[in-house]
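Asker: Chains A and B, in that order, are what the protein sequence lines are.
13 is the number of the first residue of the first sequence in my numbering; add one for each residue after it.
13 is the number of the first residue of the second sequence in my numbering; add one for each residue after it.
I should point out that these hints are in silico values taken from the structure, not numbers from a laboratory.
It is possible that part of the hints are untrue.
The list makes no distinction among identical chains, and a pair is therefore deemed to hold if it is satisfied within one copy or across any two copies.
[What the hints assert, rightly or not] With a straight-line Cα cutoff of 20 Å, these simulated EDC-like cross-link-like pairs (lysine to aspartate or glutamate) come out:
#1 Lys15 - Asp170
#2 Lys314 - Asp64
#3 Lys276 - Asp251
#4 Lys15 - Asp64
#5 Lys15 - Glu79
#6 Lys15 - Asp53
#7 Lys15 - Glu173
#8 Lys276 - Asp55
#9 Lys314 - Asp302
#10 Lys314 - Glu304
#11 Lys15 - Glu116
#12 Lys15 - Glu167
2 protein chains.
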Amino acid sequence: MTKIAIVGSGLIGRSWALVFARAGMDVAAWDPDEGTRERLDADVAAMLRDSDLAEPADVAARIAGVETLAEALAGADLVQESGPENAEIKRELFARMDAAAAPETILSSSSSALVPSVFCSGLSGAARCLVAHPVNPPHLVPVVELCPSTETAPEVMDRAEAIYRRAQQIPVRLTREIDGFVLNRLQAALLAEALRLVSEGVVDVQGLDDTVRHGLGRRWAFMGPLETIMLNAPNGATDYMVRYGGPMGRLANDSARGEAFSAKAAEVLTEAFPSLSSSAAIRDRQNWRDGELAALDAHLSKRRTKD
Amino acid sequence: MTKIAIVGSGLIGRSWALVFARAGMDVAAWDPDEGTRERLDADVAAMLRDSDLAEPADVAARIAGVETLAEALAGADLVQESGPENAEIKRELFARMDAAAAPETILSSSSSALVPSVFCSGLSGAARCLVAHPVNPPHLVPVVELCPSTETAPEVMDRAEAIYRRAQQIPVRLTREIDGFVLNRLQAALLAEALRLVSEGVVDVQGLDDTVRHGLGRRWAFMGPLETIMLNAPNGATDYMVRYGGPMGRLANDSARGEAFSAKAAEVLTEAFPSLSSSAAIRDRQNWRDGELAALDAHLSKRRTKD
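Only chain A is shown next, with the shape it has when bound in the complex (with noise of 0.2 Å):
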């Protein structure tokens, strides 16, 4: 039975506990936090309230909150650390998980702005840590992409995989550590070149979200970018560089940079969502997002049985 410690119980840690439950592995999940742990069988309570899975009660019930981290940690596969965004605070937990941990307990972390060697360099047990970076929310959302530093060991990385993959999730593995991992990168540098169009006035907010929802991202959703531009190779992907690499090679050198996170980005970005101008209605819509990657996961699973 894989036992799975879910370290940091707040938003991000709860929905991976969901993701490890639901595949039938045993999670304790513990927050330094005294009312996050207090919340936690409610919350989980909420959480499956809003999903349709058959066996609702036996997921919770493989879901136990911990009064401690070494309670947590005890005979773990596998920890997912999911506390801020801090690189003190994630140094400190490291160093302590790594003290208490039994030497062949995977350490991850969930963080996105942090690379591993950041909070384990140095660490006895560096080779047993990484970044399994998911998005948010992991249980609807199912890439995770695990980044090693260069302590980290290979076999550490094929565990971690094969953990990952068992609990439903798509691992992708990067061979070294890079800012932003690739998601991040690859949004980057979408939302620049947006945030510019948009500021510029080229084409409105609703527009560009409109040519993205109704355009690229109806591919992107079932096959990458990559498979995407090989559909348009009919010759191959040499024939794709010669006929396409031009053109949008000029497009790349022109594409917006930095910059185009602007104040004046994000003051055409308020005036284009008068209705998202509370938190409560921010809520609201995350809850119609969530939703809506739901459907579309169940969309997705079905379709996938006639590939």
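Go by the hints and put chain B onto chain A.
Answerer: For chain B alone, kept in the frame of chain A given last:
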């Protein structure tokens, strides 16, 4: 009754014919090539066999192949030009169409690479010319980018937008000419970074595609990238920029440029897709893609009633 002329009835032109005809419009399709004209009925029948339209015979009956450009243009509200992506050919074709069509007929080009002034500038009817750039195939991907030249009349843009909307497409209006319009600018920015990451071996091709397919693309299929970041900003867009503008901006500053469209990238792609090494295999996979696009469109349409 709205009447549409299709000028150039190859792959894109035929798909456009289906878009307009299934929305109840009358379509006259012409191609300069006799063989293409002769194949029209059979090609339309094949498209209809793959669709799940309720009344395919009625749709087919609204698409008439005609023998001359003049017949196609007669009485047309809008011409959808879908000829080769060649400035000389388009310039000549637009001059002929501008001379022959009634003054109120809108002349739209499916061009993906040429801005409208390239082939409309100097025509006496330049005010009624624009680009209406679809995604291939338009009957399965609804977005259409409407790009005016400085000479295009705003009321022509209004009328064109209304026609595409009645045809159930999603028109996106640009305010001015820009190379690549919006969609390919966004695609080029993301692709450059994607090609760089796989060329440098940070991640393999499947991992890159999985990151989008099972991550970014899951959201972008039903909401745009800008609404996506608004929902990650519980205190609004200004707060988003304060929190994430710096780190995302640094990723954008560091993202790949045009040189990523390289011979090396083509090699990596070729190796990664051994199953796409013949044009027959690519055609099969295009058919799979089109089936998935249709299924996804049906899913999203059904969900939209629940918005």
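Asker: It remains to establish, for every hint, whether it holds in the given structure.
Answerer: Each hint, compared with the structure:
1. Lys15 - Asp170: Within one copy only: 17 Å inside, 61 Å across.
2. Lys314 - Asp64: This pair counts as both: shortest intra-copy Cα distance 15 Å, inter-copy 19 Å.
3. Lys276 - Asp251: So Lys276 and Asp251 pass the 20 Å test across copies only (13 Å; inside, 40 Å).
4. Lys15 - Asp64: Classified as neither; 24 Å inside a copy, 48 Å across copies.
5. Lys15 - Glu79: within (17 Å within a copy, 72 Å between copies)
6. Lys15 - Asp53: Classified as within; 18 Å inside a copy, 62 Å across copies.
7. Lys15 - Glu173: For Lys15 and Glu173, only the intra-copy Cα distance (15 Å) is at most 20 Å; the inter-copy one is 57 Å.
8. Lys276 - Asp55: neither (38 Å within a copy, 49 Å between copies)
9. Lys314 - Asp302: Answer is both; intra-copy 18 Å and inter-copy 17 Å each pass.
10. Lys314 - Glu304: both (15 Å within a copy, 11 Å between copies)
11. Lys15 - Glu116: within (12 Å within a copy, 71 Å between copies)
12. Lys15 - Glu167: within (18 Å within a copy, 65 Å between copies)
Going through the hint list in order, the structure does not satisfy hints 4 and 8.
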